[in-house]
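*Asks:* Now for the letters of each chain:
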Amino acid sequence: MNQLLASIAAYAPGLREWLLLTSVIFSIGLYGLLTRRNAVGILLAVELMLNSAALNFVIFNRFCMPARIDGSVMAIFVIAVAAAEVVVGMAIFVALYRYRGTVDVNRMDTMKDPVTSFEGPVAFNKEVLDNINKQYKSHHDH
Amino acid sequence: MIGPAIYTVMFWVVAASTVLFALAVVNTRKLLRAAIALMAALSTTAGFYVMLDAQFLAGVQVLVYVGGIVVLIVFAIMLTRSGELLEDHPTPERRVVGAAISIMFLILSAAAVWVSPFAEYSTGKTPPNDALSIGKALLDPGPGGYVAPFEVISLLLLAAMIGGIVIARKTPPPNQPFTSGGDLPGETDVYTPLSQRDPKRGGPVS
Amino acid sequence: MLMLPEIIVIITAMTVLVADLFLPERLRFGVSCLSLTGLAAAAVAVLMTPMNGSLLGGQFGMDSVAWWFKLFFVISGFFTVVLSMDLLHGRTTFRMRGIGSPGEYYTVLLFTISGMMFLVSARDMVLLYVSLELATIPLFALAAWRREDARSGEAGLKYVIIGALASAFILYGLGLLYGLTGQIGLEAARVTRVSPAFWLAVAMLTAGVGFKLTLVPFHLWAADVFEGAPMPITAFLSVASKGTGLAFMFQLFFRNMGGWLDDGSLLIALFAAVTMTLGNCVAIVQTNIKRFMAFSAISHAGVFIMGFLGPHDYGVPAMLFYLLAYIASTFALFAGIVWYSNETGRETIPDYRGMSRTNPMMALAMMLALFSLAGIPPLSGFVGKFFLFSVAAGAGYHWLVGVAAVNSTIALYNYLRIVRQMYIEPVHEDGPAAPASWSLSIATAVLTVVLVLVGIIPFFYNAINGTTIAWMSGVLPH
Amino acid sequence: MGLLSWLIAVPFITMLGVVFTPASRWKAVRWISLIGTGTELALTALLTCRYWIAAGPDTAVTMTAKLTKLYFVERIPWFESLGIQYFIGVDGISVSMIILTSIIIFTGVLASWNVESRTKEFFALLLLLVTGVFGVFVSFDLFLFFMFYELAVLPMYLLIGIWGTGPKEYSAMKLTLMLLVGSAFVLVGLFAMYHVSGLHTFDLQALAQASFSKDFQGWVFPLIFVGFGVLGALYPFHTWSPDGHSSAPTAVSMLHAGVLMKLGGYGALRIGVYLLPEGAKMWGLFFMGLTTINILYGSLGAVMQKDLKYFTAYSSVSHCGFVLFGVATLTVMGLKGAVIQMFSHGIMTGLFFGLIGMVYGRTHTRLIPDMGGLAKVMPWLATSFYIAGLASLGLPGLAGFVAETHVFLGGFFGNPWSNPTISCVLTILATMSIVVTAVYVLRGLAMVFQGPITHPEYELLTDATWPERISTGMLIATLVIVGVMPRYFITLIESSVMPMINRLSGGV
Amino acid sequence: MTTEIDIQHLGFALRHVWLVPAFPLVSFVLVGLFLRPLSQKLCGIVATLAVFSSWMAACGIACEYYTLCPPGGEHPVLVPWAFEWLRYQPGMTVNVGVIVDPISVLLMLVVTTVSTLVHLYSIGYMKGDTGFGRFFAYLNLFTFSMLGLVAAPNILQMYVFWELVGVSSFLLIGFYYQKPSAVAASKKAFIVTRFADLGFLVGVLTLGYFGYTLFGGAAPAITARTAAHCAMPLQPFDFLYLTSPEFLARFGALAAGSTGITLLTVAMVLVFMGAAGKSAMFPLHIWLPDAMEGPTPVSALIHAATMVVAGVYLVARMFPAFAVSGAALLVVAYVGAFTSLFAAVIGTTQDDIKRVLAFSTLSQLGYMMLALGVATMESPLGYTASMFHLFTHACFKALLFLGAGAVIHAVHSNEIWDMGGLRKKMPITHFTFLIATLAISGFWPLSGFFSKDEILAAALGNGHYGIFAVALFVAGLTAFYMFRIYLVTFWGEHRTDKASHAHEIPAVMWIPLAILAVLSVVAGYVPMAKFVSIGAEHAEHHGINFAIAIPATLAALLGTGTALLLYTGSGSRADAIARSLGGVYTLVKKKFYVDEVYLFVTHRLIFNLVSRPIAWFDRTVVDGGVNVSGWATRASGHLFSWMQTGQVQSYGSWYAAGAMLVLLVLWAALI
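Protein chains in written order, with this note's numbering: chain A, 1 to 142; chain B, 1 to 206; chain C, 1 to 478; chain D, 1 to 508; chain E, 1 to 671.
Chain A extracted, bound-state conformation (with noise of 0.2 Å):
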């Protein structure tokens, strides 16, 4: 029994397991916020995202600076910050529903660089050519 449990401690979880653990849903995070169709859905993700940094904070605090609190308090004011961001982002997100009748992401592009026609070295130097061959006819020699 004490070998077993001996042998499941081996695998006590070190900082970098919990390293590892955090830049996990950190990219689960990022993965969702990149693909998400909904833009209350790319804020779930947001929040994801900024716990796991907070935990970080706290992984740290607990592994290399014990003494001190400096990890929880950033880790309280990081909860206090998404809080912020999410009340900013909800209150866009409802006034564009009400506006718009949908928060899908993928249709709020409507301002994006115009791609107009791009004309070719020929044509933009067209307008210049034309210049030079009506200065040079085949002018009558004196």
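FYI, nobody ran anything at the bench for these hints, they're computed from the structure.
Be aware that one or more of the hints could be misleading.
What the hints assert, rightly or not - Capping the alpha-carbon separation at 30 Å, the derived lysine-lysine pairs in DSBU-like fashion look like this: (1) Lys179(E) - Lys376(D); (2) Lys376(D) - Lys127(E); (3) Lys425(E) - Lys41(E); (4) Lys306(D) - Lys179(E); (5) Lys376(D) - Lys306(D); (6) Lys179(E) - Lys498(E); (7) Lys179(E) - Lys591(E); (8) Lys27(D) - Lys120(D); (9) Lys41(E) - Lys376(D); (10) Lys41(E) - Lys498(E); (11) Lys214(D) - Lys69(D); (12) Lys179(E) - Lys127(E); (13) Lys498(E) - Lys589(E); (14) Lys179(E) - Lys41(E); (15) Lys170(B) - Lys112(A).
What the hints assert, rightly or not - So, partial list: chain D residues that the calculated Cβ filter (under 8 Å) puts toward chain E: (16) Pro236; (17) Gln305; (18) Pro396; (19) Val402; (20) Val435; (21) Val439; (22) Ala446.
We treat Cβ as the ideally placed atom computed from N, Cα and C, and that holds for glycine.
Go by the hints and put chains B, C, D and E onto chain A.
*Replies:* Using the frame of chain A, we list chains B, C, D and E on its own:
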């Protein structure tokens, strides 16, 4: 002896559940279900805080984060009525790109973190993590204290609230006076020539 | 008392909020006057605070660079208020939908300014991060201020999402720094040994700074947000938030990672070159004036970070001086743009045709501002760019000076496109815009005079240089 | 405020005067600018006399000096931390260029006597342009030099864009951008010198004493020379000149071709050769070859031009080729020839473009085949055109000959650092241009002025009015004076060129 | 024995030598700027008086010079008056001054006399012409520049006035600028001479270069010898230095690379190219016949007597240098001979009276050149002969031209077939024209005979038999074409009514004719050998050398005979011979199509194949390059703007990808 084993088992179980919940948050098509998955993920993180001897923080996490923010998000889902209909799938190339980037990020950050020598200091002494010390730290003007961020975060929350209110409120019915000028429904964005404008609004005083 | 300017700004914000409730409709204008006086008082307070010292046990520090940054933030806040007065109080010919509620607008604006001031004086990660968020999150709200306008909402959406992503990256970076050193203070958390995690932290923080300063791969949000946001907010974004980005970069790259800056200078040079070139090239194809200003801001960001390259005791004053010149020129230009869009609602470059005949003085002011941005002597833009190029050359990056000089030619082409519309094309057929209101014309006049004098009178540069020359030696770890 | 500061201030004050006159009395604007440029001319005359008195006795000393001796120096510290100061002074070359500029601007104002549309802005921009040019010729601090150098380029855009003819926006934009790209090269070279010298100052005289390594000068000199060459119409970068000049209004093309293109030559001389002698030695022969193409290319190109302004633009490309050719020869005669050519070509092209403007004002066409037999109707203009043409083909007794013989002799004698046979061959190729110039000048002028009158309506054209007579008269008088009595004009230039030669041969 | 001459106390004329060129300059400025609008008469008088006073000054100089150093003895070169005009570099200054030596005195006399007479003549000829004042201004400008050229003590001053002479001839040829043919002719004249001046300039540059580099060694010896005679110190460009034996010895030694031709020869051939251009030698002669478009007094003055001999004067001035490089002298000789033959042959077929005289001038110039060519330093007879022929030719050729002018003035057409039988209508012109024709054909009492004989003697004396034969044949041809035009214009019946109504020219016009006639008779007896000589002392020679005289006179008689045979009576015989010669005749009449070749080369080859492509190349390729760079920036703008898709999530992915890229760069660069 039992402690560390239980500790390890608990860590791996909770870690696995957090990852699963996170994946659920990201992939479920029904948004409400995603919100609930987020609640679960955040509570498991609270569990982590407990394991990391940050009991007060776990409480704050559960109370504020899960109880407050995610509830707010659920309100938002309700308001934007995006909970009812199934969210359609992201475009395939968006999904591939997103996946590629996040996996790349995972590999890079994990590798970076895995090999780097952090300032490990494991004397085992647990940090003074009870509410008293955090409370004192928050308001202590001395070197160790965080009174400045405390003040700033209050400003931030106030500003965010004001901003949110201004953006998200409904404009009142026409007959009701409204406190802010220039916002009355009567003012359309039709360009009224200078001559027909009423003097109060910058027109010529006849 | 070191924190006096911030306190004055916060008190003004609060009083404006409360005053907005009690003022009758007729006296609504008092709100703007209140915020103006508040900002003026804050500026005086900044002038009076000593240039060194710290508060709250070293968390809130004050030095010459912070002093100058605070002064610039208050000034840009002041001019943003002046620019938005007409819009908020309905004194425009072209009715802007839903920009109302001036009280809340000013409050949120003042909070962002106080956030910026806190950012500059932050000496530890917690205050740094929180003040950065205070400087950014209200801007999301300001960008989306005009509810009924789809573009403003969309701008807000994009700004929120990318802003959140950036803040997550910054947080993750700061976490790693904390992990590597175990210290929360900026000077204390200086990494001694190089490790992959440190480079990851640097990369993440560069991404965060890139978002704020619109450096190239992180600049994509700028165009849409600048186009969607209301005009004064676009001005504020292009000036103040760029200043904040610069301050944030100062805090991180000088205070925290000063030691490693020389190793990464090639990366910064590449960043500068790519940002400048992209900003100027894409500006060629823009027609909307706000998108155009976004790309001009991006190209100027590239010019700014050239200051980080060379021997830092020249880089810091050069960057601050160029920031001053940039503020003066951009606000002078935005005054004209705000006035024109208020009076006629037109925002594309071809719409500016014939302005030199209908409103010659405003056209002259805008032309001077454009030439200063392009870097034409004897205006301050040229002098600022000259010193920055000299810093880059001092660091041995002659190729970068060449790229920057060619870029300023492309920039001139972009700015001349507007001057051409104003001076060479015939008058716009919809008729001239009404003359500017007294507040805007005074602001433009003052800004144009400052714009011209800053380059010629040595007082400004000497003042900046005198105070900040010793700053670097104080900060760098040796 | 010394004499030189007044020299820069007077056009600026006139500009302010012009800007602040009420728009209703636009006729007064012409008179104000005329008075302004008149005082400028007086100031220049005063400057020349005082310089002549001051510099006369020590021409012997400068023969062996290593640094140009400056007169009427004014120094005001500006940005001391970077070593920038308001440092202006003048030597032989600057005085000759100042004389040229004040004459050209005076005649330019006279030539644009009947600009009706938006006269205020026109004269204001013209005077701003001239302030920049005067500033360049007197400043000896690289920052100040570069500041005035760019200030001189920018009003061109508006002047051509608003008052130009033909594809004016296109040529205005092309001109401004190409000149600025040129100044970009110069900027890089400037900073390289500032930092590598380690003297931490922009003062030209101090930098002249700094010893730059050989390979440093090897890559900075071509940058500076090409940078200034773009403005001096060096071969591959000259394409802005035909378009720019043909679209510009009269006074602007007079000022531009007459004076602004000389900034290129002046800069190449003052900053290129003076500061980087080793680099000049390395690249001398290469640029001599390039400028020979420039000379032949410009003159051969001018033969087939149908538009009078293109015709003159190409001829000024060829003549500016002489300037840069002279600079590239790195001999006493070559450098002296370059300065005289700058002066004489400035006057010549000013006269040419002024006259073209006057003819265009009457016949409203610039195409050579459309005009014919105008000599009968406007004898004064025809004679002055012929004098300008003969001056441009280098007729002795006019300024062109003195300059060209100097440049040819300089090229022919060659310098000890470059292969003498190649420089001889290049000079002989360059001399061939005097024939081609004769061909296109006489061919063009004959088609326009001689032969029977082609269009009946040309019968009633009028001859030159009083402002035109004064301006053409002044320019012709200058050409003849310099052509007939060059001695006084040249000794001063020689005394300011000698230091450059001593630096070249003796090393720093 | 070198007579001791001290510059300081010379005679009045020698001290004020600068008066000779000064008078025409002053009158040019006076007439050109001020008198022209006032009154035509006044212009004519002032101009003529000015030239006359410079003639008097020239005579004064001649007398004082030859009293100072008597004829037959040593004739030192004096530079009594000079001032520093231009300093190229510390060791190299160019002085403007007046040189007094036998040939310059001779030339001054010739130029001033012919110029005075032509001025007098044109008062009558140009009466009533609108450009009267302008004409006299140009004439004065020409006289001033010609005198300046003649008086040049150094080669650069000669080049300066060389160009001024070219310009004044351009102005005078193009005097009737309304006529397109006159305009084309003036342009052609100037461009061709300018092309020749290119060679001259390169020659001057070479001489200047080697002069300057070798100046150090050679100068002291020369200055010692000539310091007394010169007002200003010796300079590398001065003739005294360039023709000094010390310099020539050192310069002659330098070989030009592998070909073995000495640099001196190259320089001298280049200088001769300039002379050939101005004196219209073979390849560059095309402008002289067309120069007849100008008014006839112009042709008389410029294209007969003065300008065209400038080339000969230059070769004479540089004769010692030419002599040292023998090859250059041979070139001069052969070119001269060929030109005289070529021109004489064409002259026989021309119909325009002035074209015939032009070709005869070409032929006589060829004579002078070949005379110089055959001379050597040892037996410099050719040198004297050439100068003598120059002197005599100036007299009778001017007379011929003025006579032709009178005839054209009367008949209002240049074609000799429109004239006929004018001897009754214009007796004085006829008589003077006859004297001139006899003189040029080389009949005994007149001057032509003596000068031509000396040339033939010189050619024979130095063993150039080929050249001697050609010269003899040309003498015959000259007689033939001169008598051809004489007979056609003055004998036979009036071919047109205008010829019948012709009347004698007014007094002001026939007085110069008379003076010239007297001169062309007397000129032969001037003992030129005593006045003008160079090199070694040569034996006194007197009287006529019969061995040369008889064949020359026989050739002249033969030519006159054929002319009489062909052109008296109905003149059908001439046409029959013309038809019989067929193609050859038309070839010769068309001046061997040389003009067409030149036209082809310039218009087709240079204009179309060189300058038009250059203009096109410049507009499209070089300009295109600039436009393409503009387009490239715009294209890159479009490329980057493609990134702005408007999709937030694509911004997010660019953002994250950018962050990782930064990480990778950091890792790669800085591990």
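*Asks:* Now, for every hint given, state plainly whether the structure supports it.
*Replies:* Against the structure, the hints:
no. : hint                  : verdict
1   : Lys179(E) - Lys376(D) : 12 Å, holds
2   : Lys376(D) - Lys127(E) : 20 Å, holds
3   : Lys425(E) - Lys41(E)  : 28 Å, holds
4   : Lys306(D) - Lys179(E) : 22 Å, holds
5   : Lys376(D) - Lys306(D) : 22 Å, holds
6   : Lys179(E) - Lys498(E) : 23 Å, holds
7   : Lys179(E) - Lys591(E) : 23 Å, holds
8   : Lys27(D) - Lys120(D)  : 9 Å, holds
9   : Lys41(E) - Lys376(D)  : 22 Å, holds
10  : Lys41(E) - Lys498(E)  : 29 Å, holds
11  : Lys214(D) - Lys69(D)  : 26 Å, holds
12  : Lys179(E) - Lys127(E) : 19 Å, holds
13  : Lys498(E) - Lys589(E) : 26 Å, holds
14  : Lys179(E) - Lys41(E)  : 25 Å, holds
15  : Lys170(B) - Lys112(A) : 29 Å, holds
16  : Pro236                : 6 Å, holds
17  : Gln305                : 7 Å, holds
18  : Pro396                : 4 Å, holds
19  : Val402                : 7 Å, holds
20  : Val435                : 5 Å, holds
21  : Val439                : 6 Å, holds
22  : Ala446                : 5 Å, holds
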